[in-house]
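*Asks:* Listed below are the residues making up each chain.
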Amino acid sequence: MGKTIIDKLWESHVVAKEVNKPDLLYIDLHLLHEVTSPQAFAGLREKNRKVRRPDLCFATMDHNIPTVDRFNIKDDTSRLQVETLEKNCEEFGIKLEGLDSLQQGIVHVIGPELGLTLPGKTIVCGDSHTSTHGAFGALAFGIGTSEVEHVLATQTLWQNKPKQMNVKIEGELGYGVTAKDVILWFIANYGTNAGTGYIIEFSGSTVRDFTMEERMTLCNMSIEAGAKASVIAPDEKTFSYVQRKTYAPKESEFIEKCEEWKQLVSDYDAVFDHVIEINASDIEPMITWGTTPSMCLPISGHIPAPESALSIEEKQSLESALSYMGFDGHERLEDVEVQHVFIGSCTNSRLSDLIEASAVVEGKEVHPDVRAIVVPGSQSVKREAESLGIHQIFQNAGFEWRDSGCSMCLGMNDDIVPEGERCASTSNRNFAGRQGKGARTHLVSPIMAAAAAIKGRFTDVRSILQTKDPEVNRYVGI
Amino acid sequence: MSGFKTHTGKAASLKRDHVDTDQIIPKQFLKKIDKAGYGEFLFFDWRYHSQGQENPDFELNKEETKGSSILITGKNFGCGSSREHAPWALKDYGFQIIIAESFADIFFNNCVKNGILPIRLSENEIQQLNNDRSDSVIHQLTVSLEDQQVVNELGDRFDFEFDPYWKKMLINGWDEISVTLQYEEKIKNYENERIVN
Chain A
2 MGKTIIDKLW ESHVVAKEVN KPDLLYIDLH LLHEVTSPQA FAGLREKNRK VRRPDLCFAT
62 MDHNIPTVDR FNIKDDTSRL QVETLEKNCE EFGIKLEGLD SLQQGIVHVI GPELGLTLPG
122 KTIVCGDSHT STHGAFGALA FGIGTSEVEH VLATQTLWQN KPKQMNVKIE GELGYGVTAK
182 DVILWFIANY GTNAGTGYII EFSGSTVRDF TMEERMTLCN MSIEAGAKAS VIAPDEKTFS
242 YVQRKTYAPK ESEFIEKCEE WKQLVSDYDA VFDHVIEINA SDIEPMITWG TTPSMCLPIS
302 GHIPAPESAL SIEEKQSLES ALSYMGFDGH ERLEDVEVQH VFIGSCTNSR LSDLIEASAV
362 VEGKEVHPDV RAIVVPGSQS VKREAESLGI HQIFQNAGFE WRDSGCSMCL GMNDDIVPEG
422 ERCASTSNRN FAGRQGKGAR THLVSPIMAA AAAIKGRFTD VRSILQTKDP EVNRYVGI
Chain B
1006 MSGFKTHTGK AASLKRDHVD TDQIIPKQFL KKIDKAGYGE FLFFDWRYHS QGQENPDFEL
1066 NKEETKGSSI LITGKNFGCG SSREHAPWAL KDYGFQIIIA ESFADIFFNN CVKNGILPIR
1126 LSENEIQQLN NDRSDSVIHQ LTVSLEDQQV VNELGDRFDF EFDPYWKKML INGWDEISVT
1186 LQYEEKIKNY ENERIVN
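Keeping their order, the protein sequence lines are chains A and B.
Take the first sequence: its letter number 460 is residue 461 in our numbering, and every next letter is one higher.
Take the second sequence: its letter number 156 is residue 1161 in our numbering, and every next letter is one higher.
With the rest of the complex left out, here is chain B (with noise of 0.2 angstroms):
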């Protein structure tokens, strides 16, 4: 996974609470046995109505929100299932850091894992983000993780809290197993001590 620096992109807004693995990407797209190409299915149910055709009131089915790199959310992101295929499905889409009031405790893991990076900020700067613009466009926003900062057009910044080892792994884009498998003696000690059976 290659390191995550600086991000300039553009957002896309989904004032929602509570947006639920289920809907980030349907039971029914979770049969493959692979990484890739789960985009096409992100928020599959929002996106298609039953016939297949795209729902042209769904955030990110609008013109101006194609292209999206950065996803601006509400409370609770990601809950429910586990299932890492959500932020598969957000990143073959385009998206690369999502924003948010608070981000269920799975799908925040998963997010890192998967080199995206998931942002809690508070619900007046979420609202200031949204604000700054009409409907579901927002301006480009800038992102960097080494000074954990968002900062929009206007040049007001907002600062966030970022695990400081998640962050040098992400900014390493450093593979984990690779580190930990540099613990081997630390593992086999405790096995020996406790004996794990």
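Chain A with its partners taken away, still in its complex shape (with noise of 0.2 angstroms):
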């Protein structure tokens, strides 16, 4: 029987294999940030224990920085945090991307950017989000922070081997349809638990035809749906978005590694424990309304009703959903009206996502009681879009143009949606109070989030979608 490239990619990192234990795991890259890594690095002080390989490690600052005069962090604690991460890397040795570097930003941004992300290797970071690097054919998933503190004591950790799943999806995905959308879609269907116990394999023609940016977002949300990971199998795409990169193998180097990345696809007779088959077409813009990412639907659709559900606790479930998002049940989504616009998060804020974003706003205005944000992943991503001229025409709209960080994906910064107010959000989470206490997030992809912007209410971005830039429609998907 042959094997998948989750077999291939656990087996060759395998330390130490024995009886009624799970397997002894090596990680090849730790990523860290300043939430999730402060008790990890005062529990080895503890022990006066040293970080075994802090050439593998690698860590910048984005959760709670300011977007706005990012040296001025006014809140104490978030402060603390931030020193305390720049303190940790120096004592431990740890290459650390700081506020004033270039190469700052969002730490599932940067990873790829700087060519930290590459196949084959076993990627962890205190962050659930790092299922992202699973795009390049990597194995990566969040950990916690006891976790954390054992990879950088030991460079490996205890895991027992999830099942597979194979999500495959076939076909071209329709006018203004984005792999935003193509996540939210899955969720939607599946639930937020159809991957808890599997690391999911996407595959299919239409994740071949994704960019390395739409592979991203996809692999990113894979959390979502409860999976440890997801992975998709690299190829050319893959090969040429890594050369080049900072830390990515160079030259005759570099060929070596392509012919061992090649090898790190599903054999043809690998049995996968789940096949979930979708086919690209049926999937339309998507949308949530509630407080979990699978109570989502197509822009087209109407707010379900509490009559709508199956069980008592169904029905318990949506009233509290229904209540705390400020909806009845039967509104029109396209009547839903908007007060704040987020383009950015580890899951769309990359340069493609602000081009998209960029092309449906291009000549037109904010909606006067709409304030709007564009906060780019990375300080890289910043640059090269300002060289594109993408922040004017933002800008020129009425869009704040921001440093990079995590922002209003989480509301741990400045940036805070208040009580009762409503935002479409280019980002990951819908839960109550993410965004701010009592704030109302709907999840959308980046080109739907700047037709809301636009109108002030949500809308089917294919109704004003009009650019005839063939670069940008390509983007688009027009």
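Among the hints, erroneous ones may be present.
Claimed, not checked - Quick look at which bits of chain A chain B covers, simulated, 3 or more residues with Cβ under 8 angstroms:
#, segment
1, 39 to 47
2, 194 to 200
Said to hold, decoys possible - Once the Cα atoms are required to be at most 25 angstroms apart in a straight line, the calculated BS3-like pairs of lysine-lysine come out as:
#, chain 1, residue 1, chain 2, residue 2
3, A, K48, B, K1191
4, B, K1172, A, K162
5, B, K1037, A, K48
6, B, K1037, A, K438
7, A, K263, A, K4
Hints in this document: simulated from the structure, not taken from any laboratory.
Every value quoted in this text rests on a predicted model; they were computed, and no experiment measured them.
Glycine residues also receive a C-beta, built at the ideal position from the N, C-alpha and C atoms.
Take the two lone chains, each set in its own frame, and fit them into one complex as the hints suggest.
*Replies:* What follows is the structure, given as structure tokens:
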């Protein structure tokens, strides 16, 4: 029987295999940020332990840094956390892209950008969206702080091998339908625990046709489907993305590595524990209406009413979500007004996301009742966008153009949505209170967020896309 | 960490599915750099109204659930963010055992690493645990990790599965890093063979 890409990634990292024990897996890359690492470093210090392989660790601060006047962190506890990361990296000899670095950004944006993220690696980070790096054919997953400490001390983790799921997506996506809509559609149809206990391989022609940025968006939100990790087989697109990145192998070593990476595919006779087949043409622009990512519908839909529930428990959860979101049920999604638009986060803040959204915004104005912000995923994305004049398109339309960070995705800095107000957000979680206490989050793609900013309410982006620029048309799938 | 033996305690019921770690502990409380004192922020937005007064309707604010050490909940508990502050808050509040239909993977691991026992039972079994009582109070439960069994006051027994490795780690209260450091030779060999760089 053949092996899946997941088997291959897993088996090549087993340090020790013993009866009645999980496998001891080697970790090739450990990404760190300021929120989930301080207690891990403190733990090392307490026991007088050192970091085993500081050269395989890489840190940045992203979660609670300001996106305006970034060196002036007003909140004392946030500042202490950032300073603590600086001190820990210095003490333990870990490379840090600090606030003053040209390479700083959201950890899941800069890993790939710098060529730290490579096919065949095992990658962990104290952050659930580490799944993003699976887009490169890496085995990448989020861990807690105890595990961060364990990896720092030993460069390994004890892991039981999860089950394996193949999610095959075939066919061409419709006009105005993006990778974000694909993953939202998947969660809407299969649920937030569809992937619990599994690693997913995303395969099929739709995934092969995706750019690396689109693949990252897809893998990023596999954690919202409960998956331990997700992975996409690396191909020529992966190799050419990785080539010439700062930390990627160079010249002959790169060519050798590519040969190795080409083996990272599921064999034709490999068997998965579960297979889901999706037809890309079924997918429409999606929008979440409730307080979990599975409470999600095509933009043409209506918000469900409590009487549609099939059980008492479902009715209760529906009622509580509707009440939090300020709905009665039955409302048309296209009638829902927004007060905030956030384009950013590790899901959708890469250059292509900003180019796509700017194509919708170009020559138009943000609705007067809307405050719209763009937070590039990294300072590099910001500079590249500025060199293309993308920032001007946004600014001319009335968007605020910010410095990079996690920002309004989770509102650990000042970028929060006030109680009772609504945000069209390109981020990944619409949990109650996520963007601020009482804030109402609707997850959408960058082009849907841009359309909402212009109209002041949700709207089917397909009705306002009218760009003639072929480069932009390629991005938005026209 | 002290080892996990048999535990008898009061159980509180939180009949909700998909409780995410943002609800268990909201983001504004993640800025500390130590592990202590998160209990007061547990379920903060559910426990307190906007102006800071206690929400009397929330299950854990009811007199009869005070002092609970076992939490019974629904599907997919602990989904979302990997923040270990969630189990730190649950433990600091007093919970030692969480019984749910299912757990999110990262949260499950985070519990085990902090000496909290996460137990998976079926929907029917959880219903049975919930039904033998009124509202949010359940009679006392006794949980034995050794026997992998939950017993209610009526003497009903509910077996649960648990990974043998983590069971041993929990029962003995071993420090996982110390255990792994004994594998140094193997780790070194692996590095030499693969030239990890």
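*Asks:* Enumerate the violated hints, using their earlier numbering and listing them in ascending order.
*Replies:* Checked against the structure, no hint fails, so every one of them is satisfied.
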